[in-house]
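Letter by letter, the chains look like this.
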Amino acid sequence: MYIRSIRLLDWKAYTDVKFDFPAPRAGKNVILIGAKNGYGKTSLLEAILLGLFGRDGLPLVGRASMGNAEDNRLDYSYNTFLEKAFHAHAREHGRSSMTVELSFITDTDEPISVQRIWYFTGSGKHRAAEEEVRIWRGPDDEIVTVPPLEERDEFYRGYIAQHFLPHHLAQFFLFDGEQVQRLARQDMSSQVQIGIEGILGVPVLRELAGDLRKYASDRRRSAGAVADEKINRLRAEIVDLENEEETCQSELRGIEPKIGPLRDQRDQFVRTISALRGGDYASLKQLFEDKERYQRNLDRHIDELRRLLSVNAALAVAGKPLRDRTTRRLKAEAIRERWEAGKKQGEDSFEKFINCFHEAHPVLNPELTSEQKSALNERLHNAWQNIWYPPPNDCAEGYRHSHLDDATRVQAIAKLEEVDKLAINSIMDIIRDIGEKERELKKIDARIASQRGIDDDMRKFGEDQDRVVGELKDLEHRQRELLRRLEGLRGQLNPKRQELGKMEESLNTAERPLRRSGKADRVADLIDSIIAEAFPSHIDNVADAMTKAYCTMAHKNVVERIQVDPDCKVRLLSNSGRDLREMDPAAGESQIFALSLIAAIGEVSQRKFPIVMDTPLARLDSDHRRNVLKFFTDMDCQIVLLSQPDEVHGEYFDLIQHKLQSVVHLEYEVISDGVGRSILKDGYFGTTGDV
Amino acid sequence: MANTGVVLLDSATGKKIVHRNCREQRIPEALLEELLSAEQDQVGKLRKRGLFERFDEILDQDYNHEG
Chain A
1 MYIRSIRLLD WKAYTDVKFD FPAPRAGKNV ILIGAKNGYG KTSLLEAILL
51 GLFGRDGLPL VGRASMGNAE DNRLDYSYNT FLEKAFHAHA REHGRSSMTV
101 ELSFITDTDE PISVQRIWYF TGSGKHRAAE EEVRIWRGPD DEIVTVPPLE
151 ERDEFYRGYI AQHFLPHHLA QFFLFDGEQV QRLARQDMSS QVQIGIEGIL
201 GVPVLRELAG DLRKYASDRR RSAGAVADEK INRLRAEIVD LENEEETCQS
251 ELRGIEPKIG PLRDQRDQFV RTISALRGGD YASLKQLFED KERYQRNLDR
301 HIDELRRLLS VNAALAVAGK PLRDRTTRRL KAEAIRERWE AGKKQGEDSF
351 EKFINCFHEA HPVLNPELTS EQKSALNERL HNAWQNIWYP PPNDCAEGYR
401 HSHLDDATRV QAIAKLEEVD KLAINSIMDI IRDIGEKERE LKKIDARIAS
451 QRGIDDDMRK FGEDQDRVVG ELKDLEHRQR ELLRRLEGLR GQLNPKRQEL
501 GKMEESLNTA ERPLRRSGKA DRVADLIDSI IAEAFPSHID NVADAMTKAY
551 CTMAHKNVVE RIQVDPDCKV RLLSNSGRDL REMDPAAGES QIFALSLIAA
601 IGEVSQRKFP IVMDTPLARL DSDHRRNVLK FFTDMDCQIV LLSQPDEVHG
651 EYFDLIQHKL QSVVHLEYEV ISDGVGRSIL KDGYFGTTGD V
Chain B
1 MANTGVVLLD SATGKKIVHR NCREQRIPEA LLEELLSAEQ DQVGKLRKRG
51 LFERFDEILD QDYNHEG
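Protein sequence lines, in the order shown, are assigned to chains A and B.
Going by the working numbering, the first residue of the first sequence is number 1, and it counts up by one from there.
Going by the working numbering, the first residue of the second sequence is number 1, and it counts up by one from there.
By construction, these hints were calculated from the structure, which means they are not laboratory data.
Do not take every clue at face value.
Stretch-level coverage of chain B by chain A, calculated; a stretch enters the list once three of its residues show a Cβ under 8 angstroms from a Cβ in chain A [as the list claims (entries may be wrong)]:
#1 14-27
#2 44-54
Only part of the chain B face toward chain A is listed, based on derived beta-carbon distances under 8 angstroms [claimed, not checked]:
#3 S11
#4 L31
#5 L32
Ideal Cβ placement from N, Cα and C applies to all residues, glycine included.
Generate the whole structure from the sequences, applying the supplied hints.
As structure tokens, this is what we get:
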């Protein structure tokens, strides 16, 4: 990536200046910009830092005197810095904005530009809320738009970090002499660590591990897993009921084959007794059939009475007012469920709506600011939600029967309404019917006895017949009992099976987040292992690159090698293993050390970001100056060198002349009393611009 | 593992370390790669909107049967 142009409007001493830089090529990659003190060298570096990173770039600006980077202090310093940076002449002439526009060409030859505009009140106060960022990309300068619902500043901060440089690494590419001196201080090991770790990509890996752990914890918390104990207990209850069902069915299977033959025997007795009495077979048989029919009717009525008493009696006894209240409540909860479903569907559609809204025509002119857009989005969201309020009048305020799903709730309402229809008279009618059937049975028994006669033979047949009929009756009674029991068991089994199904579904739903969170934790541990293993070997690469850079730039041959500890503490080791940084090295040597670090970070990162150096040689002696110039201009990236007249001149200029692509210098002209402006001129202090 | 833009993982040594650790811990390299890509999309942002939902999608995929 290289800088194609920089345009500054009312920025510091620049009223309207555009720097154009040609594409670097092999062996010709240096832009030299000369200027005397106060003519705008550092202002240009500051424009790049603040143009790219905005408020985040301020701590990198040496002249901002931040102290520490607490947010309030940063805001204050940012506003103060910008108010001072706004060209006085611009304010006096009614202009209200200051602009930095930076155009780059990526490694894939794609243009990408960032424009940042700051606005000011008539009295020169920075209007912080109105700061604007625009990014264009591609051959047609297509504007990069902020995705819907994404916060504007947040989006641009991420975009610039991803496509240009994270702001915390800028100090290793965009720096002045003061920054080099700061890095050279031993107490700056945290800055060194930020640089080395940042360039190796450790922060993003640590962020990922941290986010995966937060994610795992979040998903575990929201899983709401069904307790195994509860589901196991329900399964055991179902198994018990199924076992009982099987026992009943087995007994039924044993009874049913006996009933047919016993009925045949009974009929045979009837025929024999009728024949012996010479009586009317058909009438005696009719009596037995009548008796059996009455008995069946009687049993059915008794069953019905039992069922009513067991199933509905509790509901009936609860009373109509309570049943009515419960029915109304259930209906209200059903309405709430439908209302909530509609509301959720509406909320799901909101994002689509907001996308359509912002893409719809006509386009707003002027375009909304990020604050206006954010406020509008919030207002639309509130309005969208208000469509669903207030809830319907007959809607419940919450759920008291949250265990009921829609189908079960309908069944419950039907059951309550059924009980309403069941008047107490119905039960009395059944009891009356039972009484009548019993009386009828007694009459039939009496008629049968009279038909049988009382002689011994008849008594014998009668006794056998009674035994068979009794046995048949018992079996039929037991058969009905078993059928009733089976019906009861199925009545219990079905809801339990439904409940188990829901629990298992809930368990499955809970299992997925638990599976995800387990996986996320494992990947986080994996990342920790990879960092622990890979970081030391890569630090060695940084140390090797630093050693090479230092040995090339330093003129004394006392440093054998540079060592970087895993905590990023850097040591300059002599051949006896002594750390030369502890021996109070000269300022120039410390600067060489810092420049070596900058060079090593650039090399190891393999990042082709341009290096902008503002007066980096001022404190160096001639040998160091020569070595540093040669080393940095040999690097495989664009170098923008901002220099004082006596910094790169004579032999130093000659040393890099063959690498120069563009040579310009800045002059300063006074506009009015105490106010002037920087002007860009070709050539470099006594040379022409031809290179 | 394809290049990720993270020097620590993209160097020859880094690739070997990733490969061995993934094999030992039975985690597909593609899974790590996808998660890293999701995190990289959030670089520089203070609020990481949608990151957990992206993690959901990635962690639900079966990388053992891919490529």
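Structure-based check of each hint:
1. 14-27: With 7 residues close enough to chain A, the hint holds.
2. 44-54: With 8 residues in contact (Cβ-Cβ under 8 angstroms with chain A), the coverage given for the region 44-54 of chain B holds.
3. S11: 7 angstroms, holds
4. L31: For L31/B, the interface hint holds, since the closest Cβ of chain A sits about 7 angstroms away, which is under 8 angstroms.
5. L32: 6 angstroms, holds
In this structure, every one of the numbered hints holds.
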